Amino acid sequence: MGATVRPEDVVNYRPVARMIEAAGDVPSMPARGAMSNLPQIAKTQIAKFPEVTALVVTDDAGSLLESSGDIDGEALGAVHVVMTQALTRCGNALGLGPLQRLTVTGPRRACLIAIYEQEVLGVYVDPSKPIGMFEKKLDTALRR
Amino acid sequence: MLEPILQSLREVEGVQGAMVVDHSASVVAHRAHTIYDLTVLQQVARSIVSSVDSVQLIQDDWEMLTAHFGDGKVLLRSLRVAGAKPRRYILAVIADATLNVAFLGVALRVAASKLLVELESGTPVAAGSTSLTGSLASSMASGTGRVAVSDQIPRPEVAKAGLSWSGSTTGSGVGSSDVVVIDGASSTFLSACTKALAASIGPMAKVFVKEGVRKVCGDRPFSRADGPALLAHLAAGIEDSDDRALFQRATRGL
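Protein sequences, first through last, are from chains B and G. Residue numbering for the first sequence follows the working numbering, beginning at 1 and increasing consecutively. Residue numbering for the second sequence follows the working numbering, beginning at 1 and increasing consecutively.
Hint data in this document are derived by calculation from the structure and do not stem from the laboratory. Computed from a predicted model, the values in this text were never measured in an experiment. Warning: the hint list may mix true and false statements.
[Claimed, not checked] Chain B side only, calculated, beta carbon under 8 Å to chain G, not exhaustive: (1) 65; (2) 69; (3) 91; (4) 102; (5) 137.
[To be verified] Using C-beta positions, here's what the derived DEER-type ranges look like: (6) G:195 x B:50: 50 to 56 Å; (7) B:44 x G:224: 38 to 44 Å; (8) G:224 x B:45: 42 to 48 Å; (9) B:130 x G:24: 46 to 52 Å; (10) G:98 x B:128: 28 to 34 Å.
The beta-carbon is built from N, C-alpha and C at its ideal position, and this holds for glycine as well.
Please build the complete structure, drawing on both the sequences and the hints.
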């Protein structure tokens with residue numbers, strides 16, 4: 001009795017620790033997978049993957065940094081940022097920690113959106129290809 | 001009843017909660033770990049609907065959304081209820097880091113089909129469900145800090161006008177450059193209109209202008225003559241009266 005148990009010391013209480021973090025009582029964890037030049041990597045490496053049909057990189061305010069493929073990068077980039085903001089709030093409420101990436105799949109499109117520090121990468125891939133494989137490939141390209 | 005179906009998802013290792021949310025962010029049914037009480041789930045439902053509203057702007061026929069967080073995952077599955085009055089629900093699953101997504105995938109498919117049967121048969125909304133509003137405009141407000149939208153106020157007019165996610169539109173809006181203009185003057189008009197709207201709602205302005213053009217013109221190309229109708233349509237979608245006045249002033253000379 002009397003010993004102080006910090007929530008982050010108890011693995012099973014991790015979601016609770018995250019909820020406390022979200023409330024501002026515990027300093028936030030540092031962001032994973034720091035990237036220095038995402039637009040450059042996107043343009044020179046990711047855009048050349050055969051599955052990729054289009055990609056867009058924006059900053060966290062939705063400003064376009066890089067775009068390739070037949071898409072409206074400016075509009076899509078803004079939508080990606082709004083989407084990630086909403087899901088970040090969702091993760092904070094649930095104590096799940098920072099949003100790292102999300103995938104959206106459907107019959108006509110598959111999209112992967114990843115967050116790196118202050119930048120948001122949205123990649124559109126061929127929906128007939130397994131997106132799980134592509135996620136691993138992307139992780140490798142980004143050296144996570 | 002929907003709850004037993006959600007309970008079957010809870011039995012998958014790593015799943016901490018499951019709920020069904022309707023388009024207005026009401027929690028229709030839920031089964032979750034006690035740390036996720038109804039208040040938390042309602043807050044989550046609102047964020048989920050905001051994100052889905054955005055998803056539908058780029059992919060209105062989306063089926064699955066998987067969000068990976070540092071310590072867990074949230075999976076959303078679209079449930080489209082057919083019939084005389086089509087409706088859209090979202091099945092949301094909250095999971096910790098131990099979840100095997102492939103295992104859940106099977107359970108999710110089974111649960112989704114059972115839920116659709118129940119929802120199509122008109123299962124009443126759970127007594128504990130709560131109507132929440134705000135949606136995309138809330139997320140836009142928090143993202144840009146420019147539009148003041150309270151959690152308690154009704155869904156903004158932009159949503160009511162079906163500019164984005166109502167589900168009745170066909171085709172994905174912003175995924176391709178599908179706004180056709182009749183001449184250069186019309187294009188200039190749309191650019192100026194977008195710039196004026198951006199002062200009120202931020203980077204989503206272009207999306208709403210495109211949706212507005214689609215609403216006003218249908219399949220025909222946009223012409224300068226459609227300008228007043230478009231401006232009126234966009235102005236009606238700005239809930240904050242100051243922002244609306246700002247937009248109207250900025251576009252008066254167009």
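Structure-based check of all given hints:
{"no.": "1", "hint": "65", "result": "violated (13 Å)"}
{"no.": "2", "hint": "69", "result": "violated (10 Å)"}
{"no.": "3", "hint": "91", "result": "holds (4 Å)"}
{"no.": "4", "hint": "102", "result": "holds (4 Å)"}
{"no.": "5", "hint": "137", "result": "violated (16 Å)"}
{"no.": "6", "hint": "G:195 x B:50: 50 to 56 Å", "result": "violated (38 Å)"}
{"no.": "7", "hint": "B:44 x G:224: 38 to 44 Å", "result": "holds (42 Å)"}
{"no.": "8", "hint": "G:224 x B:45: 42 to 48 Å", "result": "holds (44 Å)"}
{"no.": "9", "hint": "B:130 x G:24: 46 to 52 Å", "result": "violated (34 Å)"}
{"no.": "10", "hint": "G:98 x B:128: 28 to 34 Å", "result": "holds (30 Å)"}
Violated hints, in rising order: 1, 2, 5, 6 and 9; the structure is consistent with all others.
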